[in-house]
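S.K.: Residue numbers (this note's numbering), protein chains in the order written: chain W, 1 to 298; chain C, 299 to 608; chain X, 609 to 878.
Simulated from the structure, these hints should not be mistaken for lab results.
All C-beta atoms in this analysis are idealised placements derived from N, C-alpha and C, irrespective of residue type, glycine included.
Any given hint could be a false lead.
What the hints assert, rightly or not - Okay, derived cross-link-like pairs now, PhoX-like style, lysine-lysine, Cα gap no bigger than 20 Å in a straight line:
hint: 1; chain 1: C; residue 1: Lys387; chain 2: C; residue 2: Lys354
hint: 2; chain 1: X; residue 1: Lys691; chain 2: C; residue 2: Lys518
hint: 3; chain 1: C; residue 1: Lys518; chain 2: X; residue 2: Lys695
hint: 4; chain 1: C; residue 1: Lys519; chain 2: X; residue 2: Lys691
hint: 5; chain 1: C; residue 1: Lys519; chain 2: X; residue 2: Lys695
hint: 6; chain 1: X; residue 1: Lys687; chain 2: C; residue 2: Lys518
hint: 7; chain 1: X; residue 1: Lys610; chain 2: X; residue 2: Lys628
Stated by the list, open to error - Beta-carbon label-pair distances, calculated as ranges:
hint: 8; chain 1: X; residue 1: Gln669; chain 2: C; residue 2: Asp462; range: 50 to 58 Å
hint: 9; chain 1: C; residue 1: Tyr456; chain 2: W; residue 2: Trp52; range: 54 to 62 Å
hint: 10; chain 1: X; residue 1: Ser729; chain 2: C; residue 2: Leu398; range: 50 to 58 Å
hint: 11; chain 1: X; residue 1: Lys846; chain 2: C; residue 2: Pro516; range: 26 to 34 Å
hint: 12; chain 1: C; residue 1: Met600; chain 2: X; residue 2: Gln683; range: 39 to 47 Å
hint: 13; chain 1: W; residue 1: Leu89; chain 2: C; residue 2: Val304; range: 38 to 46 Å
hint: 14; chain 1: C; residue 1: Lys432; chain 2: W; residue 2: Leu89; range: 51 to 59 Å
hint: 15; chain 1: C; residue 1: Lys432; chain 2: W; residue 2: Thr239; range: 33 to 41 Å
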Amino acid sequence: MRILRNLSRDRLATISLLIIAVTIIAGIFAPLFAPFDPNEINMSLRYASPSWEHLLGNDHLGRCILSRIIYGIRPSVLWVLVVLFISVLAGAILGFLAGYFRGKIDAIIMRICDTMLSFPGYVMALAVIGILGVGLENILIAFALIKWAWFARVIRTSVMQYAELDYVKFSKATGISDFKIIFKHIVPVTFSDIAVISSGSIGSMILQISGFSFLGLGIQAPNPEWGMMLNEAREVMFTRPELMLAPGLAIVIVVSAFNFLSDSLQVALDPKLVISKNKYKENSPYSAVKVREKEVAN
Amino acid sequence: MGSYIVKRILVSVPLLLIISFLTFVLINLSPLDPAEVVLQAQGVPEITEELLEQTKEELGLDKPFILRYFDWFISSLQLDFGESYINGKPVWSLIGPAFLNTLKLTLISSIAIIFMSILLGVTCALKEGQVIDKSIRGFSFVLTAMPSYWLATIMIWYVSVKLDLLPTSGMVSYSSYILPVIVITISYAGIYFRNIRSSMLNNLNEDYVLYGRASGLPEKKITMHILRNSLQVSISIFGMAIPIILGSTVVIENVFAWPGLGSLSVKAILGRDFPIIQAYVLILAAAFVLFNTISDIINAFMNPKLRNDL
Amino acid sequence: MKNILEVKNLMVWDIVSGKKIIQNSSFDLKAGSCLAIVGESGSGKSVTCRAIMRLNSTSLQQSGDIIFKGENINQLSTKELRKKRGKNLCMILQNGMTAFDPSCVVGVHLRETLAEHFDWSKNEAEVRMKSAMESVMLINPTEIMNKYPHQLSGGMLQRIMIALAIVLEPDIIIADEPTTALDTISQFEVVDQFINLRERIGCSMIFISHDLGVVRKIADEVLVMKDGKIIESGNTEKIFSGAKHEYTKYLVSTRMALSNNFKRIMGEGQ
Numbered sequence: 001m002r003i004l005r006n007l008s009r010d011r012l013a014t015i016s017l018l019i020i021a022v023t024i025i026a027g028i029f030a031p032l033f034a035p036f037d038p039n040e041i042n043m044s045l046r047y048a049s050p051s052w053e054h055l056l057g058n059d060h061l062g063r064c065i066l067s068r069i070i071y072g073i074r075p076s077v078l079w080v081l082v083v084l085f086i087s088v089l090a091g092a093i094l095g096f097l098a099g100y101f102r103g104k105i106d107a108i109i110m111r112i113c114d115t116m117l118s119f120p121g122y123v124m125a126l127a128v129i130g131i132l133g134v135g136l137e138n139i140l141i142a143f144a145l146i147k148w149a150w151f152a153r154v155i156r157t158s159v160m161q162y163a164e165l166d167y168v169k170f171s172k173a174t175g176i177s178d179f180k181i182i183f184k185h186i187v188p189v190t191f192s193d194i195a196v197i198s199s200g201s202i203g204s205m206i207l208q209i210s211g212f213s214f215l216g217l218g219i220q221a222p223n224p225e226w227g228m229m230l231n232e233a234r235e236v237m238f239t240r241p242e243l244m245l246a247p248g249l250a251i252v253i254v255v256s257a258f259n260f261l262s263d264s265l266q267v268a269l270d271p272k273l274v275i276s277k278n279k280y281k282e283n284s285p286y287s288a289v290k291v292r293e294k295e296v297a298n
Numbered sequence: 299m300g301s302y303i304v305k306r307i308l309v310s311v312p313l314l315l316i317i318s319f320l321t322f323v324l325i326n327l328s329p330l331d332p333a334e335v336v337l338q339a340q341g342v343p344e345i346t347e348e349l350l351e352q353t354k355e356e357l358g359l360d361k362p363f364i365l366r367y368f369d370w371f372i373s374s375l376q377l378d379f380g381e382s383y384i385n386g387k388p389v390w391s392l393i394g395p396a397f398l399n400t401l402k403l404t405l406i407s408s409i410a411i412i413f414m415s416i417l418l419g420v421t422c423a424l425k426e427g428q429v430i431d432k433s434i435r436g437f438s439f440v441l442t443a444m445p446s447y448w449l450a451t452i453m454i455w456y457v458s459v460k461l462d463l464l465p466t467s468g469m470v471s472y473s474s475y476i477l478p479v480i481v482i483t484i485s486y487a488g489i490y491f492r493n494i495r496s497s498m499l500n501n502l503n504e505d506y507v508l509y510g511r512a513s514g515l516p517e518k519k520i521t522m523h524i525l526r527n528s529l530q531v532s533i534s535i536f537g538m539a540i541p542i543i544l545g546s547t548v549v550i551e552n553v554f555a556w557p558g559l560g561s562l563s564v565k566a567i568l569g570r571d572f573p574i575i576q577a578y579v580l581i582l583a584a585a586f587v588l589f590n591t592i593s594d595i596i597n598a599f600m601n602p603k604l605r606n607d608l
Numbered sequence: 609m610k611n612i613l614e615v616k617n618l619m620v621w622d623i624v625s626g627k628k629i630i631q632n633s634s635f636d637l638k639a640g641s642c643l644a645i646v647g648e649s650g651s652g653k654s655v656t657c658r659a660i661m662r663l664n665s666t667s668l669q670q671s672g673d674i675i676f677k678g679e680n681i682n683q684l685s686t687k688e689l690r691k692k693r694g695k696n697l698c699m700i701l702q703n704g705m706t707a708f709d710p711s712c713v714v715g716v717h718l719r720e721t722l723a724e725h726f727d728w729s730k731n732e733a734e735v736r737m738k739s740a741m742e743s744v745m746l747i748n749p750t751e752i753m754n755k756y757p758h759q760l761s762g763g764m765l766q767r768i769m770i771a772l773a774i775v776l777e778p779d780i781i782i783a784d785e786p787t788t789a790l791d792t793i794s795q796f797e798v799v800d801q802f803i804n805l806r807e808r809i810g811c812s813m814i815f816i817s818h819d820l821g822v823v824r825k826i827a828d829e830v831l832v833m834k835d836g837k838i839i840e841s842g843n844t845e846k847i848f849s850g851a852k853h854e855y856t857k858y859l860v861s862t863r864m865a866l867s868n869n870f871k872r873i874m875g876e877g878q
């Protein structure tokens with residue numbers, strides 16, 4: 001509740017949250033929101049300018065751009081969230097195992113993570129797509145494969161901090177089962193860390209995945225996806241540059257919203273930060289790792 | 299110091315071995331039969347069992363897996379990555395020049411990124427909380443939310459087409475570098491300058507700054523000390539950034555039709571040209587490890603604390 | 609005795625939260641004497657000292673008069689103030705380990721500081737610095753000046769700061785818990801150096817500590833602070849033998865017990 005209250009005090013965060021909520025709802029109920037079938041070709045409306053019927057105009061095949069943007073939310077945003085959830089979940093499970101039990105399990109998991117992280121993620125994703133073939137599913141699989149190690153590593157660090165606290169040690173000493181301790185004492189406190197970490201990487205993931213679609217490696221025509229719409233628009237960019245506008249702005253707006261929300265979330269979840277913004281730099285264990293994560297945001 | 303370098307290089311050797319093996323395994327995990335891919339790529343109209351067997355033998359695919367890996371690994375060390383399935387040219391003759399082109403673009407962009415990050419980071423840290431700091435940070439926030447390929451396309455449209463100032467694509471002259479470098483710099487400097495800023499602000503609270511002020515040192519000198527210490531942190535980050543940029547110029551290269559690794563690899567993926575994909579992954583992974591090693595060594599040189607432990 | 613420093617109605621507050629950290633403090637420092645400020649951590653000792661040199665972070669604001677040799681430090685321009693820092697008012701920090709730039713050898717700070725305040729040749733500054741370092745029992749000063757802070761011990765770094773103060777010959781030395789971060793043996797050595805320092809350059813001193821054993825040894829007068837307020841002040845022996853304020857009594861009784869060990873060593877050393 002405190003988190004929500006802190007967030008609502010931040011106007012930028014409220015707007016961001018609103019944008020994200022609207023985007024997600026519009027994506028899930030795309031058939032209700034989209035005025036037309038996104039794949040309906042109407043050659044008489046080729047390159048039509050925005051009208052009351054087609055608010056964002058029509059593309060090179062006369063398809064309704066607004067409807068394509070709305071349907072495009074599914075692969076461009078919703079599926080990215082699913083992949084994020086999966087890789088955070090995998091990372092969290094391994095991170096908890098490594099950070100709580102330490103010892104051999106920790107050594108093995110971290111060694112694997114190190115190997116995974118010594119591999120450039122972008123290249124790995126390309127390799128996986130090269131092997132499995134092009135398609136949205138394969139991009140998503142590739143991303144889940146390359147992201148978990150990073151999450152596991154950060155979550156482990158967070159778990160380790162809390163596992164060292166006295167009340168956890170006390171619980172251990174009194175013989176409470178490990179799983180009970182993890183769920184009662186560690187999951188709740190690390191949850192905020194996990195929320196910050198994962199929300200911080202949504203933006204870059206959306207950008208990366210749309211980038212792959214832009215290259216033609218993702219979802220295949222005629223299905224709408226923002227990156228692919230930009231790719232189609234690029235072919236006529238010299239004559240119809242305005243087609244670049246709608247999908248590009250859609251990405252910028254959604255990614256900005258996620259980035260702003262993530263920043264505000266970081267402040268809202270850390271009571272120390274609310275009191276003094278100066279403490280921000282000292283107390284943010286994510287700043288260094290966060291950069292590492294965002295590096296590949298292309 | 300010498301022993302540290304040797305140690306650090308020795309550590310990276312097994313990593314390279316693991317990576318090369320993983321690469322090979324990954325490629326061989328593909329559900330497709332490479333022989334079939336080759337024949338399809340060559341446009342053979344009818345693929346018979348006989349033809350498949352024959353191709354397999356030609357490609358050495360009939361040998362056991364481990365043997366094939368060693369063959370591949372040994373010849374890879376000699377830069378012999380086999381031949382492209384699609385046009386039959388030696389992979390190195392395709393990937394070598396492409397790698398060089400990508401490296402050029404990456405290094406020039408990295409210099410621009412480092413320069414811009416330090417400039418913006420220092421400016422923001424010195425003017426913390428003031429209008430300049432806030433507007434640079436706000437502006438960078440929006441810039442980093444932009445897909446780089448979108449920014450690139452818009453820039454081509456405006457600068458090259460509308461204003462007709464620079465070449466739209468390809469690598470024809472020095473001016474060809476300008477737009478790609480600008481786009482790459484925008485997407486990365488916007489992230490890294492924050493790092494330098496926060497690192498400088500952290501240093502601002504250190505005791506040595508207080509003692510320097512208490513000793514009556516001028517602010518300029520103190521700023522130099524702060525810079526010296528915060529750059530140390532940044533060097534390792536830049537060291538990591540170079541290989542990452544090397545690996546992720548794919549999209550930018552495609553937009554600008556840059557004859558580099560990015561364009562080559564996407565073509566290879568779309569055409570399922572496995573030897574090229576394999577070589578691409580291996581070369582980039584090796585470059586990644588190499589640059590990380592170099593940045594670690596530079597870091598050890600820069601940081602007296604680490605140097606002492608060597 | 610003349611007052612070398614008079615602090616009147618010093619107030620320090622946080623501009624963000626508006627919280628008052630120092631409330632209306634006034635005290636004097638007599639020329640050539642040593643004033644100890646005692647109190648628990650968070651009582652405002654360090655902030656008071658930094659306020660005298662206007663070294664608090666920009667989020668803290670201060671008001672009041674700080675009269676040093678007839679000049680009001682609170683009204684000096686930054687340029688004038690910078691000339692006073694180091695040359696007239698010299699600070700010695702608690703933790704030598706963090707007081708020097710970790711990426712430079714310690715000699716860099718010493719040379720920069722001396723070059724800032726004196727027109728000496730490089731050689732002259734070097735010679736003076738070396739003899740000062742030798743006088744605080746730092747053998748091999750050349751070698752030490754070419755070492756990084758992490759290669760030296762906390763006690764050595766503390767003594768380097770004292771040596772710098774010897775060369776600078778300030779009017780007032782402000783020592784912010786200079787012994788807290790040290791082990792007992794180094795504490796003894798450093799306190800000894802402080803006593804020598806006063807005898808040598810005849811400066812006044814403000815000595816912050818929560819170690820009453822050390823305070824009793826070194827200070828002429830004591831100021832007791834609690835929650836940003838001065839609650840008691842006076843002659844050292846008076847405070848120790850007959851504290852008026854409850855809090856001071858409490859401090860004396862608890863702290864003396866803790867520092868008995870230290871006192872024993874000090875007694876043996878003399």
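S.K.: Work down the list of hints and note, for each, if the structure agrees.
M.R.: Against the structure, the hints come out as follows:
{"no.": "1", "hint": "Lys387/C <-> Lys354/C", "result": "holds (18 Å)"}
{"no.": "2", "hint": "Lys691/X <-> Lys518/C", "result": "holds (15 Å)"}
{"no.": "3", "hint": "Lys518/C <-> Lys695/X", "result": "holds (19 Å)"}
{"no.": "4", "hint": "Lys519/C <-> Lys691/X", "result": "holds (15 Å)"}
{"no.": "5", "hint": "Lys519/C <-> Lys695/X", "result": "holds (17 Å)"}
{"no.": "6", "hint": "Lys687/X <-> Lys518/C", "result": "holds (13 Å)"}
{"no.": "7", "hint": "Lys610/X <-> Lys628/X", "result": "violated (31 Å)"}
{"no.": "8", "hint": "Gln669/X <-> Asp462/C: 50 to 58 Å", "result": "holds (56 Å)"}
{"no.": "9", "hint": "Tyr456/C <-> Trp52/W: 54 to 62 Å", "result": "violated (30 Å)"}
{"no.": "10", "hint": "Ser729/X <-> Leu398/C: 50 to 58 Å", "result": "holds (54 Å)"}
{"no.": "11", "hint": "Lys846/X <-> Pro516/C: 26 to 34 Å", "result": "violated (43 Å)"}
{"no.": "12", "hint": "Met600/C <-> Gln683/X: 39 to 47 Å", "result": "holds (43 Å)"}
{"no.": "13", "hint": "Leu89/W <-> Val304/C: 38 to 46 Å", "result": "holds (41 Å)"}
{"no.": "14", "hint": "Lys432/C <-> Leu89/W: 51 to 59 Å", "result": "violated (37 Å)"}
{"no.": "15", "hint": "Lys432/C <-> Thr239/W: 33 to 41 Å", "result": "holds (40 Å)"}
Hint check: violations occur at hints 7, 9, 11 and 14; the rest are consistent with the structure.
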